[in-house]
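Undergrad: In case you want the letters, here they are:
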Amino acid sequence: MELLDLVWLIPALPLAGFLLLVLGGRLLGEPGAGWLATAMMAGSFGATVAVFVGLLDRPEEERVFGQTLFEWMPIGGWDIDFGFYVDPLSVAMCLFITGVGTLIHLYSVGYMHGDVNFSKFFLYLNLFAFSMLMLVLGDNLLLTFLGWEGVGACSYFLISFWFTDPEKASAGKKAFVTNRIGDWGFMVAIFACLAALGSISYDEILSGAGSLSGTTATLIAACLFVGAIGKSAQFPLYVWLPDAMAGPTPVSALIHAATMVTSGVYLLTRVNPIIAEADTWIQPTIAWVGAGTALFAATIAVSQKDIKKVLAYSTVSQLGYMFLAVGVGAYVPAVFHMITHAFFKALLFLGSGSVIHGMHEEQDMTRMGGLRKYMPITAATFIVGWLAIAGVPPFSGFFSKDEILLYAWAENPALWVVGLVTALLTAFYMSRQVFLVFFGDERFTVDADHDAHTEVAAADEGDADTALDTEGAEAEALEHPDTAGAPQHDDVHVLHAAPHESPWTMTLPLVALAGLAIVGGAIQLPFTSDLHFLADWLHPVLGDNEAHIDVATGTKVGLAVVAVLAGLTGIAIAYAIYLRRMRDPIEPAILEEGWRYDRAITSFMGGPGRAGFEAASNFDRTVVDGAVNGVGALVRRSGGGLRGLQSGFVRNYALGIAGGAVLLLAYFLAQVTL
Amino acid sequence: MHALLANLTAPLQAADEAFDPIPTPEIEWFTIVPLLVLVGAALGLMTLTAITRRPLFGGFYPLATSVAAIGAAVCTWPIWDRIQDPERGPFTALAGAIGVDGFSVFMTVVICSSVVVAALLADGYLKREGLDGPELYVLLLLSASGGVVMAAANDLIVLFLGLEILSLAVYTLAAMHLRRVTSQEAGIKYFVLGSFASAFLLYGIALTYGATGSTNLVEILSYLTQVALFDNGLLLAGMAMLLVGLLFKVAAAPFHAWTPDVYQGAPSPVVAYMASGVKAAGFAGLIRVLYLGFQTYRVDWQPVIYAVAILTLLVGALMAVVQTDVKRMLAYSSINHAGFVLVAVQAATERGVQASMFYLASYTFLVGGSFAIITIVGRTGDDRHSLDDYRGLAKARPALALVFALLLFSQAGVPFTSGFFAKFYAIAAAVDAGSYPLAAVAMLTAVIAAFLYLRITVSMFLGDVDDADIPERRTLPVPVGAAIALVICVVVTLGVGIFPHVLTGPAGDATAVLVGF
Amino acid sequence: METFVFFVAAAICLAGALGVVLSKNPVHSALSLVGTLFGVAVLFVAQNANFLAAVQVIIYAGAIVVLFLFVIMLLGVDRAENLSVDPLVGQRAAAIVAGVAIFALPVAALATTGWDATGAIANLGSVSDSAVPDVEGIGRVLFTRYIFALEITSILLAIAVVGAVMLAKKSPKAADMIVDLPARPTSTDADAASADATSEEGTA
Amino acid sequence: MLLAAGVEPSWYLVLASALFAIGATGLLVRRNPLVMFMCVELMLNAVTLTFVTFSRMLDDIGGQAVVVFVLVVAAAEVVVGLGIIVAIMRRRPDATADDLALLKG
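Protein chains in written order, with our numbering: chain R, 1 to 674; chain Z, 1 to 517; chain G, 1 to 204; chain B, 1 to 105.
Please keep in mind that the hints were generated in silico from the structure rather than gathered at the bench. Being a predicted model, the structure only gives us computed values, none of them experimental. Just so it is clear, CB atoms sit at the ideal spot from N, CA and C, and this is done for glycine as well. Hints may contain errors.
Simulated restraints on C-beta separations [unchecked claim]:
| no. | chain 1 | residue 1 | chain 2 | residue 2 | range |
| --- | --- | --- | --- | --- | --- |
| 1 | G | L67 | Z | V67 | 34 to 42 Å |
| 2 | Z | V502 | G | N50 | 54 to 62 Å |
| 3 | Z | V502 | R | L19 | 14 to 22 Å |
| 4 | G | P87 | B | R91 | 18 to 26 Å |
Can you make the complete structure from the sequences, with help from the hints?
TA: Next up, the structure:
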């Protein structure tokens, strides 16, 4: 009992960190501010563990309880309180938020080294952690919404952290606006709950869900789903996430991989009784949006050159898996994948940050290669992350993904097929990334003496986006490896110093996360229900709303084998294309085919090939992006049209008043029945 | 000598005896102390200036004005105390001319707050523009006294007089920067349209008088409850005309067209007052008329407010997005905000009144702070208001940019700021009253308007900063008064955003006792 | 008798009102206004509002219109206005439609009540009671029911004084004027707005 | 014929409505700010006539008392309005309401 009273500490510590940094951040400076923030997160993690232990002590049926701190908004009959809703789900979320969060804070101490706004960065990080914890712990929809908006705002601030760069600032802008669309859905849902149930506290919503009419439940569920796809970057509102990679890498890891983007999944899991009441089309819609997003984003990831963009699309894709799981009623696998994903995706992002750091802010994978020699720890941990996401047993990703695919199979084999293809693509593009970055030849040279070359490098970074076009040229450069080493060559990246391993503050979190990514699967082992720790833990939250599947063990094993084979196939293809050729540069034909990976994909996979991936990319850029911008253009146009009425002539305005008066008079007199 | 005097006065005494003395009503003085404080301070300031010819010390006028406004607000305490006493409750005073209830007290405080903010802003502004003098402060106080009258008005004639007191002073203030062509234009546009609209209002009073035989809202209410006036065109036409005048004052579409022009042209501190105090007074009048006098005719006016609210929300949001002048943007955004208050008003419930009171109170500080920044950035001549003038502000004056961003986000309805709860309550009130489409439109326009606030913020924080320009911006002077005003506004915005009950509590207490409700 | 007075006075009122609107010269408009004010005063008398008739003539005709004329003369703005065409397209037609509606709708409203007022009778005192002259009646009402309104009119007058003083303070010279808006291109503003929008998108 | 019928109080109201409408229309069609303002005065007069007529119809002195306030308001409005107009037209005697259209959009 005493342990459970510590709940308030979980969000309070990051908040305290935030306030302290606001007051004395500049005084603390580097690295004091970073350590303070990290300590607060670690403390929060400690509190969470304490609460977790306290909850474990209780019998299962008593594990859900609300704790009201104070009356927040006494207005009319809707007294909305400020309190925490502690249950296995929120505690599980808090555990990995604070745990992974602590590691990322620690990592940031090294990563943000030398930044002029060092303390400000940690101030935002702590504020983010506070908001995220409020989102998860809040005992009513409004409190969750506040956290929801809070994380959005922090994300906005952090993406725009280097706000002098117009591209980055505008990425923040996009995130802000897209999220508002999702938030609109959330707000509608809140008001619908208020109208239908007269309350928005989870206690009453979840217990009252059964009394909702089907239409109301559908409306609420659909609106929450809209909110969720905005925050969790699902089709078509995902556009902000890849752009959000403009922010510092720890931000990408914390916000855009591990925590914030999963809040949509959390929300849908939280309100599972409402989804259960809603019309039957809701769940398949969620599943198909998830599956579609997963596949779609994976195809885009295949053709990305920016090391972080690959991971960004990969995140969108993995979130798609979670939605797929929610859609088929597999809440436990969704949460399971959310947790393992937090481990390995944070690991991959932090690893990529370490690479970028070591490569002196280079993000283009075509200018890397062979880095395992320079940064062994990063490489080793990154490889762990890669194997995890590729679904290679016994790494954690295998278990969670397999579970989702299993439920998908039980629900609708078509969903399973989409999931499987996605798994293959995932393995492929992740392998591609690993091979391009850590293996093969070094596609850069080190020239510590010539300062002038750093300028060349800086100029090269600018056209990273147009790099697709220079692909051919680069391939030719590699065809003639003897010239590739020449520092004078325009297309070869020149570093002013050798790539280096990152400091311990950065590698320690990598190692820790790698450990988690390896063993994370242990919380929910397949085949025997005795080992379904997570499912047992979450049972009080989900009750009967969790889908029950009846699949023979043989089928289960078969599905798992197929999934593993798909993953291995993806790796093999990537190996053949990106590595074989490099090891064997004497075979120009293979090399050529290999480098032109688009053609290779066509021949190997018999799939849509480059055109298909390009099309996906183009669709992303033009249609979806365009639609988002188009809404803005529509608003502007209608405003522009109205502008004509605002002519500046006082007599026109007077006419408007007179006309309004006539309309009002006419309306009122029309009420008179003669 | 005495005899002569007696002879001279005899006829007068005879005349006195011929008539009954008029039984003048009892004057409950304590109920009008806030009003007397405001008017007394204005007249005192004027007299003092006539004697001394220059302020007693620098910053005397704004200080005196703020003290008077704060004093007026403080003087509402005994009234509030008495109203909250369950044994006594709200009452009418001065022969039924004013309703002394929580609502009037609350709105009085809101209006006084807007005076404080505007007066603090005006200090630096007047010095900068070379317009030194007490007139602005005097007119501000007098105008606010009109607002206070409106907030308490229990009689349509009193309401009308309050409105005229409020408006005439503001017309003059809008035109006060005589060197600016746009200020003159703002003055005359506001004046012509304002007097046009108040003629409609007056005609509405006349028709209502014809239909009910009284101009007193309580009498109207009791008459309408006793004598069912079904299908009474006179009454309905009167209501329509009254709405024209009041909706004009709160800048609701289609009576909004003056707002952007006047806001853009008028001196910035005056606009701060117009957008907060004048608007609050306008809504106070509107709510009094609709909720008190015509509460039994709810079914007739509710759809009208509903439609006007939708139009206002959309016009405000859509037009704001296409502007390039920040002052004009905020003018349109104030129209959008008025739409939100109307969303609450149309609910025709107690919760609706609470929500609109909360909205007006928090908006007063939001808009006051925003126009404080605009005043500062406008620089000498009060004409640097384009988006370009805000480019790179974050680099030159980070604190200023941060505060502005906060206020703008609050206007956008971002959580942890007062603006969020303001919008939340307004929409919740509409949902509670079953107006779902309206609530949806309101939320939609909030999304659209978010573009606008973001646009300003982005240009402050990003902007291809012309480095040559920064030193000049770094010297942007922030007068003491404006700084104090900004601090007040930020504290209120954040404070209410985190602890909304500091405002919902009084708002709730205030409406429970709106006379006749 | 009252009928005759009504029609004559009504004719004067309407003629005056039309004169205000239709006279090219503002001086003529002001003089026509006097006609209307006088007509209204006559109608007051016809309805036993003798005091108000006197006040109407003294304040309105005597003070307000004189003020108008004074301003016209002071500024020398008695230039004739070309009324044959309205530069704002459609304004005049719309104005006339609105005007007709503003006339017709209150009349229709009146028709719904059988051309009668429906309010409470003699709420604040009788008009027809010949024992109480209207001056006394008005005075009683002003000092009882409307005492607060009467007192606050003083604020109105104070504002008028302060406002007039402030506006008349000093006339800036032409050179000091700030014309703070650049001359806008006469092309459609919508185009400019969309051009601005695209440039904004471009930077985004 | 009409003369024989005797005057109905409602005729006054119709006349007042006509005056009000003429005033409103005048404000919409005239460009001289002074004349526009005179039109407002016409509208106010229409209202006073309405009040007096209702006062007679209801046999209530209150309607007449209200007219006093209307007169005061009209006087104050005239002072302020003419003040603003003078301030502008002193420098630009030829300015019409249509010329004052810098602010728009």
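Undergrad: Does each hint hold? Answer for all of them.
TA: Evaluated hints:
1. G:L67 <-> Z:V67: 34 to 42 Å: Since the Cβ atoms of G:L67 and Z:V67 sit about 37 Å apart, the hinted range of 34 to 42 Å holds.
2. Z:V502 <-> G:N50: 54 to 62 Å: The hint (54 to 62 Å, Cβ to Cβ) holds, given that Z:V502 and G:N50 are roughly 58 Å apart.
3. Z:V502 <-> R:L19: 14 to 22 Å: The hint (14 to 22 Å, Cβ to Cβ) holds, given that Z:V502 and R:L19 are roughly 20 Å apart.
4. G:P87 <-> B:R91: 18 to 26 Å: Cβ of G:P87 to Cβ of B:R91: about 22 Å, so the range 18 to 26 Å holds.
Violation of the numbered hints given earlier is absent; every hint is satisfied by the structure.
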